[in-house]
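**Q** Taken in order, these protein sequences are the chains called A and B. Add 33 to a position in the first sequence, counting from 1, and you land on the number used in the numbering used here. Add 5 to a position in the second sequence, counting from 1, and you land on the number used in the numbering used here.
Don't read these hints as lab results, they were simulated from the structure. From a predicted model like this one, the values you see are computed outputs, not experimental measurements. We treat Cβ as the ideally placed atom computed from N, Cα and C, and that holds for glycine. The reader is advised that the hints may include incorrect statements.
Part of the chain B face toward chain A, derived, beta carbon under 10 Å [unchecked claim]: (1) Gln42; (2) Gly58; (3) Asp61; (4) Gly63; (5) Asn67; (6) Gly68; (7) Tyr69; (8) Tyr100; (9) Ser101; (10) Glu108; (11) Glu113.
Cut-off 30 Å, straight-line C-alpha distance, at most; resulting in silico cross-link-like pairs (DSSO-like, lysine-lysine) [said to hold, decoys possible]: (12) A/Lys59 - A/Lys141; (13) A/Lys59 - A/Lys102; (14) A/Lys133 - A/Lys103; (15) A/Lys141 - B/Lys14; (16) A/Lys141 - A/Lys102; (17) A/Lys103 - B/Lys14.
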Amino acid sequence: SQQGEEDPQALSIQEGENATMNCSYKTSINNLQWYRQNSGRGLVHLILIRSNEREKHSGRLRVTLDTSKKSSSLLITASRAADTASYFCATDGQSGGYQKVTFGIGTKLQVIP
Amino acid sequence: NAGVTQTPKFQVLKTGQSMTLQCAQDMNHEYMSWYRQDPGMGLRLIHYSVGAGITDQGEVPNGYNVSRSTTEDFPLRLLSAAPSQTSVYFCASSYSSGGHGGELFFGEGSRLTVL
């Protein structure tokens, strides 16, 4: 079964507003990552946060991680129409000593100009 | 660098046919993986590899075969295609197996239709 679950599944906001997406996962992790997918394209890595980190910033992106609640959030500030895409969280786990990276079902973000 | 290259981009198969989706990366990455993406299901891991000669199953391995004879290539074989395998397939690679680093680089996808 999939490890992560994003919430909400769809989000529509006006340009300039902030967008917040949440991810919950089930088992302990080493890293949690966020990816973006434009329609019909491959996924692009946005940010990685390690299990011993609580917050990370990259440009207009802010990611938080709460390992006690097994949850993460992605905040996009001052959104732009070009931010319209699907956003996925991905977590890794242990399987016989090797790592599987599994994805949630994603949040579809629409930014209205 | 070309990054991760997937071929073909589009393919139509008949039920029962077999085919191979090709994936190649030129970044000397140890870790490679295959995902399928279906509406409402997100990405599901099919198989992955942490180095040449080492593969393991993901969440949905049935009906698919993989091998890793070189660092660069990680082909995905459909043994006897079924309509349930209609999907978009993504190959991804990473310089590490996830513990340290682990950013995945994705190909542009292969869109497979099984009639």
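**Q** I'd like to know which numbered hints this structure contradicts. Please list them from smallest to largest.
**A** 2, 5, 6, 7, 8, 17
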